[in-house]
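Could you build the full structure based on these sequences and the hints that come with them?
Numbering follows my numbering, with no gaps: position 82 of the sequence shown is 82.
Hints are not guaranteed to be accurate.
Simulated restraints on C-beta separations [stated by the list, open to error]:
#1 Ala182 <-> Gly256: 24 to 34 Å
#2 Asp203 <-> Ala18: 18 to 28 Å
#3 Asp144 <-> Asn202: 31 to 41 Å
#4 Asp126 <-> Val206: 32 to 42 Å
#5 Pro15 <-> Ala125: 16 to 26 Å
#6 Ala22 <-> Pro102: 11 to 21 Å
#7 Asp109 <-> Asn202: 32 to 42 Å
#8 Val206 <-> Gly38: 33 to 43 Å
#9 Gln254 <-> Ala78: 18 to 28 Å
#10 Gly65 <-> Pro250: 21 to 31 Å
#11 Ala18 <-> Gly84: 19 to 29 Å
#12 Gly64 <-> Ser29: 41 to 51 Å
Simulated from the structure, these hints should not be mistaken for lab results.
The beta-carbon is built from N, C-alpha and C at its ideal position, and this holds for glycine as well.
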Amino acid sequence: PPMSSPVHAAGLDAPLTAFADALFEARISGRPVALPDGFAQRCSEAQGRAIGARNVARLAERLGGGIVGAKLAATNPAALQKLGLAKPISAPLLGARVFASPRVLPRADFIVCVVEAELGVRFGADLRTDGARPARDAVAAAVDQVFPVIELADTRIADWQSAPPAAIHADMGYFGALVTGAPCAGWRTLDLAAASVRLLVNDADVRQGSGASVMGHPFEALAGFVAERGAAGQGVAAGEIVSTGTWTVPYLAQPGDRLVADFGPLGRVSVDLT
1 PPMSSPVHAA
11 GLDAPLTAFA
21 DALFEARISG
31 RPVALPDGFA
41 QRCSEAQGRA
51 IGARNVARLA
61 ERLGGGIVGA
71 KLAATNPAAL
81 QKLGLAKPIS
91 APLLGARVFA
101 SPRVLPRADF
111 IVCVVEAELG
121 VRFGADLRTD
131 GARPARDAVA
141 AAVDQVFPVI
151 ELADTRIADW
161 QSAPPAAIHA
171 DMGYFGALVT
181 GAPCAGWRTL
191 DLAAASVRLL
201 VNDADVRQGS
211 GASVMGHPFE
221 ALAGFVAERG
231 AAGQGVAAGE
241 IVSTGTWTVP
251 YLAQPGDRLV
261 ADFGPLGRVS
271 VDLT
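Next comes the structure, spelled out in structure tokens:
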């Protein structure tokens, strides 16, 4: 059946509908596509989100694995400014592109392959608001697992570094893949804002960061996500996983890179790119 209802609901014209199809095909082929002329003027952020939602649904059907949660992006001032966004964004996680550590992945699966060390969570209970921001304690109470992750961000937009916010939404928040480490049993005793991470590439220490770089605390970003869902009339369901935003400055990975994100007491996660 045609997956066009979100597109029609958002009122996309023929060029934007064609772009949505091209972006989906680019996800399959691995070849980037150019933004259509006048895209920034023609496509609102809501329309961009509609394109992204449509293509995520199509990819989930094509690849299997469903949609297992969300990734948060632009959770620090530098990223917001670079991407031209007013606030952090979220994008769905394709189950087919979420892998357990240690993992080997072909670098050729990605166009840009931007590496980010993040904290992942799994919700053990439903959490929903009317759009109000929940207290951090309420978020923590709903979370039952915390684990280290490496996000491999990617894009299918040729001129991605100057793409407007609507294009980022359309391209699924630049999601590429997520590699997850083992859950940390004692996370509730740790100060997640003070926790730190080192990103190692072929045993060299290339990036450092802390939980405070994610809006002061990773659960602050999570609270904003719950509020965003609530404003849309939705909640976060038990079992969903969320990657809460990068602790590190992005690193552009190359073939042959052995990547390890070492979060100390929170654990380690690794992926090798062939």
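Okay, the hints, checked on the actual structure:
Taking 24 to 34 Å as the suggested C-beta distance range, the pair Ala182 and Gly256 conforms, at roughly 25 Å. Look at Asp203 against Ala18: about 46 Å separates their beta carbons, and that is not inside 18 to 28 Å. A hinted range of 31 to 41 Å holds for the C-beta pair Asp144 and Asn202, which are about 35 Å apart. Asp126 and Val206 have their C-beta atoms about 39 Å apart, which keeps the hinted 32 to 42 Å range intact.
Roughly 44 Å separates the CB atoms of Pro15 and Ala125, a value that falls outside the hinted 16 to 26 Å. Between Ala22 and Pro102 the beta carbon distance is about 35 Å. The supplied range of 11 to 21 Å is therefore violated. For the hinted restraint 32 to 42 Å between Asp109 and Asn202, the CB-CB distance of approximately 20 Å leaves it violated. Between Val206 and Gly38 the CB atoms are about 39 Å apart, so this pair conforms to the stated range of 33 to 43 Å.
For the pair Gln254 and Ala78, the beta carbons lie near 23 Å from each other, so the given range of 18 to 28 Å is met. Between Gly65 and Pro250 the CB atoms are about 26 Å apart, so this pair conforms to the stated range of 21 to 31 Å. A hinted range of 19 to 29 Å for the beta carbons of Ala18 and Gly84 is consistent with their spacing of about 24 Å. Between Gly64 and Ser29 the CB atoms are about 19 Å apart, so this pair departs from the stated range of 41 to 51 Å.
Comparing the model with each earlier hint shows violations of hints 2, 5, 6, 7 and 12; every other hint is respected.
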